[in-house]
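Put the two chains together into one complex, using the hints given.
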Amino acid sequence: MALERYDALTRLAAHLPKDALMMSTYIGAVSFEWGAITEEHPQTAQLGQMGDVVGMAVGLALALPHRKVACLDGDGSVLMELGQLVVMGQEAPDNLVVFVIDNGVYESIGSGKSGPRPTATAGKTDLALLARGSGVPYAVNVDTAEALEKELKLAFSQKGCRFINIKVLPGHARVAPRQSDGFENKYRFVRYVEGLEGKQILHLARQDRQLMKK
Amino acid sequence: MLNDAAQAALAGLKEAGIDFVSGLPDGWQRNLHELIDADPDIRYVPVCNEGVGFSVCAGAWLGGHKTALIMENSGLRVAAEYIARISLGCGVPVVLLLSYRGDLGDTEHWAIPHAIVVEPLLKALRIPYQIVRHRADLRATIKRAQRLSEAQLQPVAVLISGDCIWED
Chain A
1 MALERYDALT RLAAHLPKDA LMMSTYIGAV SFEWGAITEE HPQTAQLGQM GDVVGMAVGL
61 ALALPHRKVA CLDGDGSVLM ELGQLVVMGQ EAPDNLVVFV IDNGVYESIG SGKSGPRPTA
121 TAGKTDLALL ARGSGVPYAV NVDTAEALEK ELKLAFSQKG CRFINIKVLP GHARVAPRQS
181 DGFENKYRFV RYVEGLEGKQ ILHLARQDRQ LMKK
Chain B
1 MLNDAAQAAL AGLKEAGIDF VSGLPDGWQR NLHELIDADP DIRYVPVCNE GVGFSVCAGA
61 WLGGHKTALI MENSGLRVAA EYIARISLGC GVPVVLLLSY RGDLGDTEHW AIPHAIVVEP
121 LLKALRIPYQ IVRHRADLRA TIKRAQRLSE AQLQPVAVLI SGDCIWED
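For the record, the sequence lines run as chains A and B. To convert, note that position 146 of the first sequence is 146 in the numbering used here; the numbers rise steadily by one, no gaps. To convert, note that position 7 of the second sequence is 7 in the numbering used here; the numbers rise steadily by one, no gaps.
Chain B on its own, in the form it takes in the complex (with noise of 0.2 Å):
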């Protein structure tokens, strides 16, 4: 994403209070991994599969932490198994930052797929979600997400696109 879209995100979870971020670094996000991976307040847990992303995250959680999961939006089919299994089962709150391959602007035809898939799956594992393709609303927006996934003790996503991505 762009450097000043990364540096928002970076803004709006530190200012939420997430301190454990795990996830799995891509094409549009990598600059946001890098960004989280050198800060000394965030403990940063990458994986090599989104599924045990949300677990790790899971459990840090039990143990007090305010976590995030990073990854793209194809990461979610992968991390479904899991979030089904530990949110719809238990209920346990993880942001979820996804960006948003296959949307308005992307030039991948491997991304089409991606962009199919996200929404109808979100929906289906009842994740609440807002799509950002401003760079002003990034920062609020991970903010918002978090304070809403930790009432409701549920996953809460932010699908990253736009002018967060693009420049045009």
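Extracted from the complex, chain A is given alone in its bound form (with noise of 0.2 Å):
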């Protein structure tokens, strides 16, 4: 039976484990229904908006090659910048799991009469066989609950580079749009890094904290 996004992000939430990080596209209705899904909890960072979110979570994934990194994008922004299945391909962080979600259609820009526009993949695109062209080592399609399942068992239990492309009936559920901003979520996302690798990253003060330890 296909797959709906919602079921599919619930899924995915569902097995993200407590302590990997994830790289997420901040707009459009995925953005809002993972940060519903999820309570808006700090280990996703929403950064990312067309054409940058996989490459983002490609060098999230080489600064903590120790952790899980996840990336949560949709087929219109992962078309929208194909070089970066390239750089995925090349350096394939064993740590890194890519999920795309796959509607078929750019959603978020609403439909008129002939319904949602359709992106690449409606066509004649398919973006693990994309992915699998730029070196990416593990590349799939899934389309049922039951391959989503066993794709994300595998994913978070074993090491490797994957991408997992989740095709999805177009449609989104009724959630409430997320109320943050780019910038108030980097700063979430960088505090909960900090904390969880307890090293310093922003170094906003430097000359006032050395005048203040004397």
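What the hints contain is simulated information worked out from the structure, not anything from laboratory work. Check before you lean on any hint, since a few could be wrong.
Simulated restraints on C-beta separations [stated by the list, open to error]:
hint, chain 1, residue 1, chain 2, residue 2, range
1, A, K150, B, R77, 42 to 52 Å
2, B, Q152, A, G198, 19 to 29 Å
3, A, D126, B, Q152, 35 to 45 Å
4, A, E194, B, N3, 34 to 44 Å
5, A, K153, B, T107, 55 to 65 Å
6, A, R117, B, I116, 33 to 43 Å
7, A, K150, B, I116, 53 to 63 Å
8, B, I116, A, A145, 49 to 59 Å
Below 20 Å or equal to it, Euclidean Cα-Cα: the simulated EDC-like pairs (lysine to aspartate or glutamate) are [as the list claims (entries may be wrong)]:
hint, chain 1, residue 1, chain 2, residue 2
9, A, K153, A, D143
10, A, K159, A, D19
11, A, K199, A, D19
12, A, K199, B, D41
13, B, K143, B, D41
14, B, K143, A, D208
15, B, K123, B, D103
16, A, K199, B, D19
17, B, K14, B, D37
Computed from a predicted structure; not experimentally measured. Note that beta-carbon positions come from the ideal geometry of N, C-alpha and C, so glycine has one too.
Right, here's the structure in full:
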């Protein structure tokens, strides 16, 4: 049976380890649904927009190779910048798993009489095939709850650079839009990583700090 | 660039604490890419698109690295989309090292558009920048760029030209 996005995201949230980090898109209904399901837990950075989420996840995964890093993006966003798949394939961090919610449409812009505007994945383009061709060692399409559950168990119990393209039906759940912007989200996430990793990332007052030590 | 300029740039990056570099090699900075790639203290992530390089640097900063993106000034046009989305949208520090193709001394006609666009584009993106035309200034300018980038949580650019490139 075809998957609905909210169901897929609920399953992903249930499998995401408590000590993992998530790099997510911060625009569109997918980000609002993820925020609602996870109650905006700070283990998720909702910072990327269109064409930059996978790239940011690669950087985060390379920075913290001991920690599982997941990524949540949409088909329209990945399609905007396919070079992200190339760096993911070239670096292939074995702590990174990318989940793409592929509904085949640009849903967040709304739809007119002809319905939502299609993305290229509604046509001939296969994102998992593009990921494999870019060097990503494991890349699959899933379109059932059973297949998704199998991939989620594998992704979070084993090492390996993975790309899971989740085919879902268009349509969104009725959830409240997130009320935080990118700046608030960044500070919240960075402070969370600082606590998790026991290291300082923000250095906003270097001289003042030295002064106060005297 | 001249080899001693590349060495000065590498020293500036290391003294600034930059330990993660992404970029796309160009004719002027190829030897700097080679030095960084061979340096055990810096994680080097080559990309085929400067915009992807910026995203990778932003992600690495969120994980605790100090980062730089090295590219031709033409690459700023490619990266501008992601700099606008990420840095104007949430604020992330990345030092940008740009070869200033089309500056005085350049011999190549194709480089002229790169010079016409780069400074107005940096201004449009609200990125502070300094042009370095003297080798002796390169190391310290990179260090200062990193300090400001970290204080304002936005990119800062260093444009490299003049006697960093030419012996005339």
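Outcome of the hint check:
1. At about 43 Å, the CB distance of K150/A to R77/B agrees with the hint of 42 to 52 Å.
2. For Q152/B and G198/A, the hinted distance range of 19 to 29 Å is satisfied, since their beta carbons lie about 26 Å from each other.
3. Our hint of 35 to 45 Å for D126/A and Q152/B holds, since their Cβ atoms are close to 42 Å apart.
4. At roughly 39 Å, the beta carbons of E194/A and N3/B sit within the given window of 34 to 44 Å.
5. A hinted range of 55 to 65 Å holds for the C-beta pair K153/A and T107/B, which are about 59 Å apart.
6. Checked against the hint of 33 to 43 Å, the C-beta distance between R117/A and I116/B comes to roughly 35 Å, which is consistent with it.
7. Checked against the hint of 53 to 63 Å, the C-beta distance between K150/A and I116/B comes to roughly 54 Å, which is consistent with it.
8. Checked against the hint of 49 to 59 Å, the pair I116/B and A145/A passes, with Cβ atoms roughly 55 Å apart.
9. For the hint linking K153/A to D143/A, the alpha-carbon distance of about 16 Å falls within 20 Å, and the restraint holds.
10. Between the alpha carbons of K159/A and D19/A the distance comes to roughly 15 Å, so the proposed pair stays at or under 20 Å and holds.
11. For a cut-off of 20 Å, the pair hint linking K199/A to D19/A stands: about 16 Å separates their Cα positions.
12. Taking the CA atoms of K199/A and D41/B, the gap is near 18 Å; set against the 20 Å cutoff, the hint holds.
13. A C-alpha spacing of about 16 Å is found between K143/B and D41/B, which places the hinted pair at or below 20 Å, so the restraint holds.
14. For the hint pairing K143/B with D208/A, the CA-to-CA distance comes to about 19 Å; that is within 20 Å, so the pair holds.
15. Restraint check for K123/B and D103/B: the C-alpha separation of about 17 Å stays at or below 20 Å, so the hint holds.
16. Straight-line distance between C-alpha atoms of K199/A and D19/B comes to about 15 Å, which keeps the hinted pair within the 20 Å bound.
17. Among the hinted pairs, K14/B with D37/B is consistent with the structure: their alpha-carbon atoms are about 13 Å apart, no more than 20 Å.
Checked against the numbered hints above, the structure breaks none of them.
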